[in-house]
Structure formats: structure tokens, C-alpha cells
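Kindly produce the complete structure, drawing on both the sequences and the hints.
For reference, the chains in residue letters:
Protein chains: 2
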Amino acid sequence: MHFKIGSQLFADALKKVEKVVNSKHNIPILQGIFLKVTEQEIICIGSDSTESFRYHIPVGEHVHVITPGTTVLPKQIIDITKKLKKDLELQLRDCNLTIKYGKKSEFNLNTFDPEEYPRLPKFDIDSPTLTLKGTDFNSLVKKTAFAASDSEIRPLLQGVHLITENNCMKWVCTDSHRLSQVTTKIDHNNPIKLVIPAKSLDRLVKTFNLQEDVRVYCESDNQVIFKNGNLFFYSRLLEGNYPDTSRLIPNDFKAEMKINRKELLEGLDRISGLANGVDGGSGVVKLHVNGVATITTHQSQIGKGIEAIEYEELTGEDDFTISFAANYMIDALKAIDDDVVNFKYQGNARPFLITPTSSEFEETQLILPVRTM
Amino acid sequence: MHFKIGSQLFADALKKVEKVVNSKHNIPILQGIFLKVTEQEIICIGSDSTESFRYHIPVGEHVHVITPGTTVLPKQIIDITKKLKKDLELQLRDCNLTIKYGKKSEFNLNTFDPEEYPRLPKFDIDSPTLTLKGTDFNSLVKKTAFAASDSEIRPLLQGVHLITENNCMKWVCTDSHRLSQVTTKIDHNNPIKLVIPAKSLDRLVKTFNLQEDVRVYCESDNQVIFKNGNLFFYSRLLEGNYPDTSRLIPNDFKAEMKINRKELLEGLDRISGLANGVDGGSGVVKLHVNGVATITTHQSQIGKGIEAIEYEELTGEDDFTISFAANYMIDALKAIDDDVVNFKYQGNARPFLITPTSSEFEETQLILPVRTM
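First to last, the sequence lines map onto chains A and B. In case it helps, my numbering puts the first sequence at residues 1 to 373. In case it helps, my numbering puts the second sequence at residues 1 to 373.
Source of the hints: derived by calculation from the structure; they are not laboratory data. The reader is advised that the hints may include incorrect statements.
Because identical chains cannot be distinguished in the list, a pair is counted as satisfied if it fits within a single copy or across any two copies.
The calculated DSS-like cross-link candidates involving lysine-lysine, where the alpha carbons are at most 25 Å apart (straight line), are [claimed, not checked]:
no.	residue 1	residue 2
1	Lys254	Lys100
2	Lys75	Lys286
3	Lys36	Lys133
4	Lys262	Lys83
5	Lys36	Lys85
6	Lys304	Lys103
7	Lys170	Lys185
8	Lys262	Lys103
9	Lys286	Lys85
Okay, here's the thing in C-alpha cells:
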């Protein structure tokens with residue numbers, strides 16, 4: 001293996017794939033970066049065995065391949081490359097990679113045997129199961145993944161449930177206290193059901209170029225592959241039967257209130273600091289609707305807070321009270337893009353909904369209330 | 001107590017004094033912010049009992065006092081004030097402070113008894129022991145405080161030793177492996193000797209407005225007070241006899257090398273990632289001077305690195321080798337502002353010096369070498 005590459009280009013590629021590399025992984029070779037050099041391109045792979053990134057750098061102006069080859073580099077390559085500023089020359093001899101940088105610097109790194117690096121699953125690149133616009137992918141993740149559970153107790157609830165059937169795609173996510181669901185039409189009729197780790201999706205939104213399409217490949221039961229430009233991401237799927245959420249979203253409501261999303265969010269944000277209180281504060285606030293929407297919290301140790309927000313329209317019951325975790329409501333309101341939201345009330349012991357009044361997607365944020373005295 | 005204040009102004013004042021407030025302090029009242037309102041000004045104090053900030057807001061356009069008074073507010077006041085955007089009205093009734101914000105928000109906070117808040121020591125504001133330009137104060141701290149120890153074993157070494165005598169001020173700091181010393185002339189003849197916690201100085205550099213003077217008051221043996229505009233900082237001093245460092249800095253050298261600071265720093269920076277290696281890497285590099293200055297590291301597990309830097313001038317011995325911790329050298333080079341530094345060599349088992357070739361201050365960075373095989 002022998003090639004020349006612009007340091008910035010190489011550093012950017014390594015930065016993309018290193019996101020999943022754990023420098024303390026108990027399989028030493030996974031602490032490194034896999035590198036495959038061909039006549040056409042340089043392929044970099046980083047993996048922690050459950051998530052892997054693969055990035056392709058095509059041969060071009062700042063990428064010149066002299067001899068193809070394959071190796072696995074120690075993670076120090078990332079740090080060294082970041083700090084170099086011009087063209088690099090990399091050459092592998094036996095198990096030793098030499099990096100030359102002008103006349104000033106020369107590094108020799110011990111490499112790992114590439115034969116020992118786990119193989120990524122093969123798939124048919126020309127047959128994606130789904131193709132989404134980058135911006136839509138971003139919206140779908142941001143509107144659902146936050147509702148996933150952090151807890152290891154029910155691992156399935158750490159995922160987002162993606163279902164397609166009858167030209168319809170549904171993303172659902174719940175931690176059992178709240179639920180987010182977005183539905184959109186697609187040109188696609190193969191029914192699929194996947195549970196994708198929410199953390200993987202969050203990572204992709206931060207890493208992908210959202211101006212480009214996101215292709216999704218679901219060729220196996222335990223793996224999903226995403227492609228965005230020259231970057232590929234492989235994630236294991238969460239296995240098991242995701243809870244049936246299809247009957248959880250009610251249709252009948254005792255009251256519906258249209259309210260300004262930003263005003264409600266700002267009021268909740270101010271009061272939540274007090275509601276979270278000292279250690280062990282519950283973060284619970286009370287909403288009382290009666291001519292105006294009043295949010296209150298009372299923490300005996302610290303004090304109390306009142307926020308009054310004028311709603312735009314109210315139908316049904318005109319005097320009711322419901323308590324809930326302020327942070328759940330804040331998350332739900334942040335996920336919605338619309339200026340005005342619908343607050344749909346079923347009774348103070350039953351889940352309530354927040355929905356946009358107009359949206360590209362069919363979107364529902366459901367929150368369970370908290371019983372208070 | 002009853003006053004009106006612009007929320008931004010109040011939030012900025014609280015932000016300054018909260019830096020030392022520990023929300024888990026075992027003395028509950030120190031978890032709060034002391035507030036004293038007079039006809040002329042509003043005084044805010046935050047303290048963790050060893051460090052305290054006091055900030056004065058003069059009455060003016062956005063500060064209107066209706067009734068003076070004194071209280072201690074819970075720390076939630078900070079969070080609430082940050083999130084409010086216009087004028088606030090604050091009123092104390094019994095032990096309860098009401099914060100009104102337009103028609104929308106009202107907070108009631110339980111307060112602490114201000115009689116229980118520790119008193120700050122009195123001092124004569126018109127008689128500072130020292131007055132420094134803000135930019136000089138910044139330089140003196142940045143050139144010395146980094147060399148302090150983190151270890152609790154010798155608490156005195158967590159401080160910077162400040163000595164004035166014979167119209168000369170000296171700042172010295174050592175962790176016993178390296179030493180930084182800066183000397184400058186002053187118009188002042190009272191001899192003082194203080195050991196100020198390096199962390200307090202770092203905090204001040206980040207908090208003070210360095211365009212304004214810094215006044216230093218040393219009226220007691222265990223306390224130092226700094227004043228910068230309307231902001232006061234009180235710090236305990238470290239007690240005990242700071243090691244005598246006056247004879248540690250040598251005058252005779254076997255070799256002196258003038259070398260470009262930035263090139264040396266960049267070379268060390270690139271190689272240090274490798275030198276720090278995997279867990280337990282020593283961070284030690286070797287400097288070999290022989291026609292060119294070559295820095296090398298060899299980590300058997302990962303590989304090796306070489307950086308060659310051309311020096312500008314060399315006098316004395318022209319072939320020598322010395323090993324040292326790369327990070328100590330990086331810290332020392334970052335502290336110096338000059339483009340070219342002097343590397344002063346006494347032998348490979350003796351401390352070496354880094355000094356600027358031209359500087360406003362008389363400045364020395366001393367580093368102990370590491371013995372290697």
C-alpha cells in the first residue's frame with residue numbers, strides 16, 4: 001500500500017468513521033481504523049461491532065494511489081492527521097505504516113492484520129428498501145427519537161419502530177410514559193418492520209449531509225444500512241416484538257385547545273427550573289385551563305411559579321386541570337415545527353395529545369399525565 | 001426590599017457571582033445568593049466560604065429602588081432571571097420574594113435569613129496594596145498558574161507565590177517538576193509574600209474585564225481581595241512556607257539554542273499524541289540537537305515519530321540529547337509570547353530553561369528532564 005492524500009481530506013474522512021470507534025474496546029483491532037486502498041478509491045471503516053461507518057474517498061486531485069493494499073491503523077493516525085496541514089505520503093511495509101509530511105515529520109505506526117478485522121455484511125447498493133430526502137430523514141428522527149427510553153430494562157424501548165405498509169411509512173417511539181408518532185406517504189409497497197436504536201439515528205442526523213438523500217437497506221433481520229453520499233452506516237437492529245402502539249392514540253377528546261407553541265414553550269422553560277427544584281424535584285407542573293392557560297409549580301422547599309398563557313381557541317370543556325412532567329411537554333413542543341399547536345384533552349387521568357395545526361407530516365405527541373393530590 | 005431591574009443586567013450580575021456558588025454546599029445558605037439593596041446600589045454576593053464574588057450594580061436607567069433591604073435568594077433565581085427578557089419587579093414580604101414579569105409570569109421564592117450569611121472581611125478600598133493593568137494581570141497569571149500542582153499532597157504547590165520587594169514583583173509557580181517565574185518592576189516598596197490558589201487566579205482571568213485595572217488588597221495573612229471595576233473577589237491564601245525557589249534557576253549553561261517557538265510547538269503537538277500513547281504512555285519525548293533539533297518518541301505498542309526543526313542559532317555544545325515530558329514543554333511554549341525562544345541546556349540530567357528572546361517581563365520556564373535508558 002502506497003498513496004498520497006491531502007491531510008484535510010484524510011482527516012475529514014477519518015473523523016466521519018471514528019465516531020463509533022471506542023479506544024477502549026475489548027477487541028483491540030476495533031480500536032483501529034480499517035483502510036483499503038484500490039486503484040479507484042480509499043475506503044475507511046470504523047466499527048464498535050454493533051455500529052460501523054464506512055467512507056469512500058474517490059481518487060482525484062489530492063488523492064493519488066501508487067500501490068493498492070489493505071491495513072488496519074491504530075487510532076493515533078487520527079490525531080496525527082488532524083495536526084498535519086499539507087499533503088501526506090503513506091506507505092505500508094510489512095506491518096509498519098510510514099507517514100511522511102514534507103521534510104519535517106515522519107511517523108511509523110504498527111498496524112493490525114486486516115484479515116482479522118470483522119467483515120461488514122454485503123448488500124445490493126442499487127436496491128435500497130427506502131429512499132428519503134435528507135431533510136425528511138432529519139425531521140422524522142427529530143420528531144421521534146427523543147421519546148426513546150434510556151433504560152436498559154426494556155432495551156426495545158431504546159429504539160424507534162419503523163413500519164411501512166400500504167404506501168405509508170410510520171415512525172413510532174415510546175418510553176412508556178410518552179409516545180411520538182409520525183406518518184407519511186411513500187412510493188413503496190414492501191412491508192417492513194424494524195426497531196432502530198434511537199442513539200444511532202441521533203448520530204446519523206449529526207453526521208449525514210442532510211442536503212443529500214438517505215437510502216435505507218433492510219436486507220437482513222438484524223442489520224440496517226444507511227447510505228448518504230459516500231458515507232455508509234451499519235447498525236444492528238433491536239430484536240423482539242415492539243409493543244403494539246396502534247390503539248394507544250385516542251380519537252375522542254373532551255376539549256381541544258389551540259395555543260401558541262413558542263409562548264407555551266417559553267413559559268414551561270422558565271417554570272421548569274423551579275419544578276425540577278432541588279435534588280429529587282419531580283419536574284411536574286400543573287396546567288389549569290379556565291379562560292387562560294395557567295401553568296403552576298409548587299416546590300415546598302424553594303417556592304412557587306405561575307405562568308399565564310392566552311390560548312387562541314378552545315372547544316369542549318372550558319375548565320380543567322392536568323399535571324405532567326414539564327420536560328416531556330418541552331421535548332414534544334420542540335419536536336413540532338408549527339407556530340400553533342393543538343392540545344387535546346381526554347380527562348385528567350388519561351393521556352393527552354399535542355399535534356401541529358398544519359404540518360408536512362401526520363404527527364402526534366402523546367404524554368401520560370401525572371396523578372397529583 | 002422592593003426594586004425594579006432590567007432582566008439582562010440582573011442576570012449578568014448573578015452570572016458573575018454564581019461562579020463560586022456550589023449548589024450542593026453543605027452549608028445550605030451558601031447555596032444561595034446574598035442580595036443587599038440600598039438607595040444607591042444593589043450588591044450581589046456568591047460564596048463557597050473559601051472564595052467569594054461581590055458585584056455592585058449602581059442605581060440607574062434600568063435599576064430603580066423603591067425600598068432598601070437585604071435577603072439571601074435560592075439559586076433558582078439565576079435560572080429564572082436568565083430566561084426572562086424584560087424588566088423585572090422584585091419584592092420581599094417576610095421570607096418570600098415575589099418576582100413579577102409583565103402579566104405573564106410570577107414567581108414566589110422562599111428566602112434564607114440574611115443574618116446567617118457569612119460576613120466578608122472589611123478592607124480599605126482606597127488603599128490597594130498593588131494596582132496592575134488588567135492586561136498585565138492576565139499575562140502574569142497565564143505565564144505562571146499553569147505550572148501549579150493538581151495534587152492535594154502538597155497543597156502549597158497548588159498556589160502561585162507572589163513576592164514584592166525592592167520595587168520588584170515576582171510571580172513563581174512550581175509543581176516540583178517544572179517552575180515558571182516572571183519578574184517585573186513596580187512602584188511599590190512594601191514587601192509582601194502571598195501564596196494565591198492558582199485555580200482562583202485562572203477563574204479571575206476568565207471573569208475580569210481585562211481592559212480595566214486590577215487592584216489587589218493584602219490586609220490580612222489569610223485573605224487576598226481583588227477589585228476589577230464593580231466586581232470584587234475574595235480568596236483565602238494558602239498557608240505555610242512556600243519552597244525557596246530563588247536558587248533553583250541556573251546561570252551557567254553548556255549550550256544555548258535559539259529556535260522558532262511556533263515550529264517547535266507544532267512539532268511537539270503532533271508527536272505528543274503518539275508519546276502519550278495508549279493508557280499509561282509516559283508522554284516523554286527525546287530532543288537530539290546535532291545540526292538540527294530532532295524530537296522523537298518511540299512507543300513500542302504503537303510506533304514511532306520524528307520531528308525535525310531547524311534552529312536559528314546554537315552556541316556551546318553542538319551535539320546533545322535530553323528527554324522530557326512533551327506536555328510540560330508545550331505548556332511552557334504556550335505561556336511565552338515571543339516568536340523565538342532560548343533553549344538553555346545544562347546537561348542531560350539537569351533542568352533546562354526556556355526563555356523569550358525579547359519580552360516585557362523577565363520570564364523563565366524551567367523544566368526537569370526525564371532520565372531514560
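* **Status of Lys85 relative to Lys286 across identical chains (alpha carbons, at most 25 Å)** => Intra 57 Å, inter 23 Å, cutoff 25 Å: inter-copy only.
* Asked: Between copies, within a copy, both or neither: which fits Lys170 and Lys185 at Cα up to 25 Å?
  -> within (9 Å within a copy, 74 Å between copies)
* Asked: Within a copy, between copies, both or neither: where do Lys254 and Lys100 come within 25 Å Cα-Cα?
  -> neither (72 Å within a copy, 33 Å between copies)
* **25 Å Cα threshold - placement of Lys85 relative to Lys36** => Answer is within: at 23 Å inside a copy they meet the 25 Å cutoff, but 55 Å across does not.
* To do: Up to 25 Å between alpha-carbons, please classify Lys262 paired with Lys83: within, between, both or neither.
  => Answer is between: at 13 Å across copies they meet the 25 Å cutoff, but 43 Å inside does not.
* Status of Lys103 relative to Lys262 across identical chains (alpha carbons, at most 25 Å) -> Between copies only: 17 Å across chains, 58 Å inside a chain, cut-off 25 Å.
* To do: With 25 Å as the alpha-carbon cut-off, assign the pair Lys36 and Lys133 to within, between, both or neither.
  => For Lys36 and Lys133, the Cα distance exceeds 25 Å both inside one copy (30 Å) and across copies (58 Å).
* Evaluate Lys304 and Lys103 at a C-alpha cut-off of 25 Å and name the case that applies: within, between, both or neither. => Between copies only: 16 Å across chains, 68 Å inside a chain, cut-off 25 Å.
* State whether the alpha carbon distance between Lys75 and Lys286 is at most 25 Å within one copy, between copies, both, or neither. => between (51 Å within a copy, 22 Å between copies)
Taken one by one, the earlier hints fail for this structure at numbers 1 and 3, listed in ascending order.
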